[in-house]
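4 protein chains.
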Amino acid sequence: MQLGLVGLGKMGGNMRERLRRAGHEVVGYDRNPEVSDVASLREMVEKLAAPRAVWIMVPAGDPTRGTVEELGELLAEGDIVIDGGNSRFTDDEANAAHLAPKGVGYVDAGVSGGVWGLQNGYALMVGGAEADVARLMPIFEALKPEGEYGFVHAGKVGAGHYAKMVHNGIEYGLMHAYAEGYELLEASEHVTNVPEVFKSWKEGTVVRSWLLDLLVNALDEDPQLAGIKGYAADSGEGRWTVEEAIRLGVPLHVITASLFARFASRQDDSPAMKAVAALRNQFGGHAVKTN
Amino acid sequence: MQLGLVGLGKMGGNMRERLRRAGHEVVGYDRNPEVSDVASLREMVEKLAAPRAVWIMVPAGDPTRGTVEELGELLAEGDIVIDGGNSRFTDDEANAAHLAPKGVGYVDAGVSGGVWGLQNGYALMVGGAEADVARLMPIFEALKPEGEYGFVHAGKVGAGHYAKMVHNGIEYGLMHAYAEGYELLEASEHVTNVPEVFKSWKEGTVVRSWLLDLLVNALDEDPQLAGIKGYAADSGEGRWTVEEAIRLGVPLHVITASLFARFASRQDDSPAMKAVAALRNQFGGHAVKTN
Amino acid sequence: MQLGLVGLGKMGGNMRERLRRAGHEVVGYDRNPEVSDVASLREMVEKLAAPRAVWIMVPAGDPTRGTVEELGELLAEGDIVIDGGNSRFTDDEANAAHLAPKGVGYVDAGVSGGVWGLQNGYALMVGGAEADVARLMPIFEALKPEGEYGFVHAGKVGAGHYAKMVHNGIEYGLMHAYAEGYELLEASEHVTNVPEVFKSWKEGTVVRSWLLDLLVNALDEDPQLAGIKGYAADSGEGRWTVEEAIRLGVPLHVITASLFARFASRQDDSPAMKAVAALRNQFGGHAVKTN
Amino acid sequence: MQLGLVGLGKMGGNMRERLRRAGHEVVGYDRNPEVSDVASLREMVEKLAAPRAVWIMVPAGDPTRGTVEELGELLAEGDIVIDGGNSRFTDDEANAAHLAPKGVGYVDAGVSGGVWGLQNGYALMVGGAEADVARLMPIFEALKPEGEYGFVHAGKVGAGHYAKMVHNGIEYGLMHAYAEGYELLEASEHVTNVPEVFKSWKEGTVVRSWLLDLLVNALDEDPQLAGIKGYAADSGEGRWTVEEAIRLGVPLHVITASLFARFASRQDDSPAMKAVAALRNQFGGHAVKTN
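Chains as they are written, first to last, in the working numbering: chain A, 248 to 538; chain B, 248 to 538; chain C, 248 to 538; chain D, 248 to 538.
Hints are all accurate, no fakes.
Derived pair list, reagent style DSS-like, types lysine-lysine, alpha-carbon separation capped at 30 Å: (1) C:K536 / B:K536; (2) A:K257 / A:K476; (3) B:K476 / C:K476; (4) B:K349 / B:K294; (5) A:K449 / B:K257; (6) B:K536 / C:K476; (7) B:K294 / B:K257; (8) C:K257 / C:K476; (9) B:K449 / A:K449; (10) D:K449 / C:K403; (11) C:K449 / B:K536; (12) B:K449 / A:K403; (13) C:K294 / C:K257; (14) A:K536 / D:K536; (15) B:K536 / C:K257; (16) A:K403 / A:K349; (17) B:K536 / B:K476; (18) D:K449 / C:K449; (19) D:K536 / A:K257; (20) A:K257 / A:K294; (21) D:K403 / C:K449; (22) A:K476 / D:K476; (23) B:K449 / C:K536; (24) A:K536 / D:K476; (25) B:K476 / B:K257; (26) C:K536 / B:K476; (27) A:K476 / A:K536; (28) B:K449 / A:K257; (29) A:K257 / A:K403; (30) A:K449 / D:K536; (31) D:K257 / A:K536.
Covered stretches of chain B (chain D as the covering partner; in silico rule of three or more C-beta atoms under 8 Å from a C-beta of chain D): (32) 477-490; (33) 497-509.
To be clear about the criterion: a stretch of chain C counts as covered by chain D if any three or more of its residues have a C-beta under 8 Å from a C-beta of chain D, and this derived list gives those stretches: (34) 357-367; (35) 398-408; (36) 421-434; (37) 439-446; (38) 449-458; (39) 487-497; (40) 500-507.
The hints are simulated quantities; they were obtained by calculation from the structure and are not laboratory data.
Backbone N, C-alpha and C fix where the C-beta goes; we use that ideal spot for every residue, glycine too.
The whole structure should be built from the sequences, with the hints applied where relevant.
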């Protein structure tokens, strides 16, 4: 089927390629003319036959919101907009409400797969009305991995990004569990070949996983991770997951600790630990380290 | 090759079966005559030709220690004892030191695989002298999963159980990360089909893993886990992992939080929260719930 | 000086009393005619000479917002509204912006002291313009504890409630630290008189504090806290504190763990631990407890 | 009464002084002849009339153990040894068992007070037999703060150090709760005078405490703690507290997080966060920071 695709960066560009390989007709638009198929959003819309489907793959927040608004001007009743970016689920309700008066449907899609998606397929978690999702199934089928998994219609509008948010929250926790095990093995005098231990876990263990495979790859490239600084950004989903836990009164020790570890990784010095050092100095005369 | 195998419970019995399928001659001893091949440890040892190898698969602590001591009386120079149980790595050094004066070698093997091991093989993490491990390789080859992974010689005596301990510590963290995500999805009003979301994650996602597959199995059987109480025992490795973190000065937020969540799951009421409730009552006049 | 006071519940009523004892003229309004000095907000405003000061002491959220809006209709240029309730600091900016076009000033005051405030005074953390705060100093002086502490002008509008929010976040952590120590002492076989240990700490120790004094009081009344359930509500400030930590990228392990412990205290069963139990059953055949 | 005092460092020296001010006769021994009253342990013992009491105030572990053994040679039936150092409670049982066959009693005393103890008195938590503790009461009375608090007989041998250990564990949590609040206030754009906020909390708040007073002192000296590095050692009690929680199955999120924060404060880079960064690079192509 036909699909308009807005945003042809690393993710969007690969998705266009995977869709075309599956025989779909993709009209891609990007502000960068070198990768864009058309000169403007308007031209993209004009090249699509009604009822149209337009997939947005631009950064979350203002860029996505702005694209939804522009599309609201260009599209017509019966068309559908899909937001496949990393939006917060609360944005979806606003976007859907913006398009509904024009008769334009809205579906949100959480997309997982990263740089491996072109080859292996993208896991999709979608939210929206039954009929809208049904109409888009050929697109979802082409993007998702082969086999019976990798796609879910998780609920109404917002549910797709919600499920993806929790997926990423879990991912934070999983990564940090491996990371703590790595640090402990590295610190110990008992295990003398840490990368080999991780590699051996790829089969027959309880901890085998795709993330473990990736960690083994990383240790193959740099057995002591000597070239990598212990610094990690976060892209929002982890924060939103914890905010949801707070809203819903759910204890989320593990995922939150993983998020906080990222925060700490970006600090040159810890103001909290300055205060602790100051206190120890006050009551016990313990020497402080000075800057 | 020949192997003496002490302890024919769920794990030991399956391991005997897997070794025999691979063509090895296993003389198994268990206190339960219904499953034992011989009437006594002595008889088991007598049926083995020197140099012998005897694998212990009995509960950690006193039972394993006692078996090592008995074997120390029965075995001779050049024999090897393997402890494949869930022993603390610190026990290995004591066991090896006990056997060394008699010229009996000692190898420790952390074994993962649980009820799936007979079919899929057991991941093995072993510690010991190079020559001892080399001599036992036919046994390890038969027990481990097919393929190039699932076995590691992690270091000297103790390193096998150490690696297995950290494996289990990581396992605690991984399980709890999924568990927190499950609770959050269940609590939310956005996602209406939680088991389907987990099932979809089996392909194409960052969080795909064997544990995820198992959680999907569990949700297939009981979509709301309605028949299961939120109660979990712990078998020691998680505690030892945190104790090691404390010894080595390694921050282990995630694994420790997972362990503490198990502790809390076994409490009918929380004494700490009684104290918090009492304090809130004292300073704010907040009503307490009474028993 | 004159002060209008809206909301004469436990806190507001005691504050009126403390202000009157200090010689101030308080015109109190409450929807409950039994405690109110006047029949309506309008009557309260009419009884005050311009420039007026009106202190709001009603529940945070809609009740406070509604009162600000009503006062916006009744007050005139040069008047000041003070919100002394448990509002989120973000409400303050909205309230101030609502009143500014009318020339009505706005000051926020975080108030600590609970049931002890009438006698000991209320600690005040205020935010607002320098001139507004200066004009209100007689009121603040009367409410605050004797001595040189217990009052701070923390910054512009919102800073008062912000400081109070962090105060309460710290309070969560402090309470839980004592609570954990209490639980550990209770669990141990070594210390046979737990309440006496806490009582002894009231002098000469590093942990002496007002909260410790309160815990000693509670243990005097009920040495094993036998009549108190381990259940604690939370009134918002703890959640807001963690949300701020997330916004600002500050690791806040201790305060967050304290908040999560309250969440857990309100659960009959833990869905996360159901998932952990289900997983252990799947991979290890560990029996689950059923409901 | 008479007391032998072994170890005249910062703590021991001040305690000798406080005891002498109270009229007791202290015979102090230290390896440093400049501070010692006698030339040897033997001379110290000889200067005391039976039944003797000897207080040990040397570093925990081998130094204390060695002193107990030496005293075991020198003392006689009816004498009492008191260990006032920072020993682990498990050492006490061994020490008492070593002295018991000689008829020498043993009492353990957890001592709090640090550099303020000479002036304010030392809080004492003691463990031991009723009769031994009773005989030593004049010493305890002189050391403890004035007033009715600051002393507890917590249980049998070991209970004193146990109570002190938990005291210190709580202290870790309290300090870190203030420290997190400090960091959050510093990070925020709302509160413009952080030291003044803390100072204001000294009266009328829920968080007022001696530790708060000390933090205010520290901020008076260095309002942004600019001269202090966020680095803190730990002296053992925090680790022992968490180890006990693990032994007893008590969830101890707050105190453990405080301990782990100290561990992290001593790392130049986090191996765990290297692993997280490596994983993010593998699956998402996220750039890593290099060293």
